[in-house]
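Throughout, this note's numbering is defined as the position within the sequence shown, counted from one, plus 658.
Calculated from the structure, these hints are not laboratory results. One should not assume that every hint holds.
[Unchecked claim] Pairs of lysine-lysine, DSS-like flavour, derived with a Cα cap of 30 Å: (1) Lys916 to Lys703; (2) Lys957 to Lys926; (3) Lys985 to Lys975; (4) Lys667 to Lys926; (5) Lys1034 to Lys975; (6) Lys724 to Lys926; (7) Lys926 to Lys1037; (8) Lys667 to Lys888; (9) Lys1011 to Lys926; (10) Lys957 to Lys1034; (11) Lys916 to Lys1037; (12) Lys926 to Lys975; (13) Lys1011 to Lys975; (14) Lys1011 to Lys724; (15) Lys916 to Lys1011; (16) Lys1034 to Lys953; (17) Lys916 to Lys926; (18) Lys926 to Lys1034; (19) Lys975 to Lys667.
[As the list claims (entries may be wrong)] Beta-carbon label-pair distances, calculated as ranges: (20) Ala1033 to Ala671: 28 to 38 Å; (21) Thr869 to Ser928: 32 to 42 Å; (22) Lys953 to Ala892: 14 to 24 Å; (23) Gln1004 to Asp885: 34 to 44 Å; (24) Thr869 to Pro670: 30 to 40 Å; (25) Met971 to Ala877: 36 to 46 Å; (26) Lys957 to Asn996: 29 to 39 Å; (27) Ser928 to Ala977: 40 to 50 Å; (28) Ile693 to Ala892: 26 to 36 Å; (29) Asn712 to Pro1009: 41 to 51 Å; (30) Asn712 to Thr662: 18 to 28 Å; (31) Val982 to Lys888: 20 to 30 Å; (32) Thr869 to Lys957: 41 to 51 Å.
Note that the Cβ used here is the ideal one computed from N, Cα and C, for glycine as well.
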Amino acid sequence: MKSTLDDYKLSPAELPGVRGWIDFLGTFGSGMPVISDATHEFFVKIIGVSDNFNNISNPSYRWMIKSMFTSLNGIANNQQVSIASQYMDFCNRNDISLAPNDSEYESVSIGMPFTFTSYWVTFLDGYGYRWGRRDDPGLYNVTEYRKELNIPHVDEDRYNAIAAIVAGWKPAPSSEFIVAQTTTGNQANKIPAAAAKKLIDDWATKNNMPTKVITDFEANQRLKMTDLLKSTTALNADVYFFILHLLAGLCTGTSADKTLALSIVNEKASSIEYDNETFINQLIYLSLMYLGDPKGTYKYNNGQRQAVLRDLMNVMKTADDASVAIKASINTSLDILNADQSYPMQDMYNPDKGFNMRFTDTLAALEDGRKAIAAKLPK
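Whole structure, please, built from the sequences with the hints as guidance.
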């Protein structure tokens, strides 16, 4: 994904959604302990992820998060058919339509599952669908309702539909949620039939959660971080504030992700004001100046700056070395913020250095540190 610096700017309204995503990764990241009944919990919590997605406009986060939903739809084993079949079956039994007014929309019949767009992507893109069962047992006709590809979904129906499905879901879905497929005769649809059988037979033998969708996301998260580290364009404070949040997510991933995160936080990033300092300490310092800049996007007061750090730390459930360093840096900054209401707009440790000078020096230190990290990355 080609990006500009503006693609990394996080608005105040987006921060709760980004923290919600980090919290989700803190439960389901591949580097986190597998929880009990993880498959069921995954689909319960993904409701919130889907809802939060609509509150995030940052293109980089949208690309990364959407990659997980796309992977969920395109997974090569049993999960695509299971989600589609179960959702269609539920809507059919309960006569649910996500199109607000069917008469307003052009209807196009499409096949299932070959050109089926999963309802996860449907919700993200704002399409509307209605499901109808054919007379032939076990076969479906899918009707798509279009209106300039921007049909608003019905939030209550959507939420209730997903909640009703996942409420009865266990690591091995019950047979009453599985749609039987005809395997013989003229009406046979053998590919969905085989997939449905595979779902019934194999689900419980999987890793008790859709691991692939997480690892696909983590690959994109890792790619995003390495691209930023290797960037030949100088990064600004918008991007470094983004990197702070990306670091928290990286700590929930693979051992390689955690190693990368540790190499970032521990890198030296010396400035005139803070010689022999670490990258993470400078990153937190710049973030606080960025949040408090009266000419910037946030214009946050001391209490609001503290809240941003606390909220981020509260969703960090990780205990790896990089996470420990991040939390320690946050706690140190919180102590100073408590002691000095004007920090870091003024700095008791550098009283003769103005805000603009410290901001510029800290940004330069992070750029030097970033280049040093990039030089150590595999070519």
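Quick rundown of the hints versus the structure:
1. Lys916 to Lys703: holds, 24 Å
2. Lys957 to Lys926: Judged against 30 Å, a Cα distance of about 29 Å means the pair holds.
3. Lys985 to Lys975: holds, 10 Å
4. Lys667 to Lys926: Roughly 25 Å between the alpha carbons, so the hint for Lys667 and Lys926 holds.
5. Lys1034 to Lys975: holds, 28 Å
6. Lys724 to Lys926: violated, 34 Å
7. Lys926 to Lys1037: holds, 21 Å
8. Lys667 to Lys888: Given pair Lys667, Lys888 holds - Cα atoms ~18 Å apart, limit 30 Å.
9. Lys1011 to Lys926: holds, 21 Å
10. Lys957 to Lys1034: It is violated: about 36 Å lies between the C-alpha atoms, which goes past 30 Å.
11. Lys916 to Lys1037: holds, 19 Å
12. Lys926 to Lys975: holds, 26 Å
13. Lys1011 to Lys975: violated, 36 Å
14. Lys1011 to Lys724: Violated, at about 43 Å.
15. Lys916 to Lys1011: violated, 35 Å
16. Lys1034 to Lys953: Since the Cα atoms of Lys1034 and Lys953 sit roughly 36 Å apart, the hinted pair is violated (cutoff 30 Å).
17. Lys916 to Lys926: holds, 18 Å
18. Lys926 to Lys1034: holds, 13 Å
19. Lys975 to Lys667: holds, 25 Å
20. Ala1033 to Ala671: 28 to 38 Å: holds, 37 Å
21. Thr869 to Ser928: 32 to 42 Å: holds, 41 Å
22. Lys953 to Ala892: 14 to 24 Å: holds, 20 Å
23. Gln1004 to Asp885: 34 to 44 Å: holds, 35 Å
24. Thr869 to Pro670: 30 to 40 Å: holds, 34 Å
25. Met971 to Ala877: 36 to 46 Å: Since Met971 and Ala877 have Cβ atoms about 26 Å apart, the given range 36 to 46 Å is violated.
26. Lys957 to Asn996: 29 to 39 Å: Given a distance of about 20 Å, which is not inside 29 to 39 Å, the answer is violated.
27. Ser928 to Ala977: 40 to 50 Å: violated, 28 Å
28. Ile693 to Ala892: 26 to 36 Å: violated, 42 Å
29. Asn712 to Pro1009: 41 to 51 Å: holds, 45 Å
30. Asn712 to Thr662: 18 to 28 Å: holds, 23 Å
31. Val982 to Lys888: 20 to 30 Å: holds, 26 Å
32. Thr869 to Lys957: 41 to 51 Å: The hint (41 to 51 Å, Cβ to Cβ) holds, given that Thr869 and Lys957 are roughly 42 Å apart.
Consistency note: the structure conflicts with the earlier hints numbered 6, 10, 13, 14, 15, 16, 25, 26, 27, 28.
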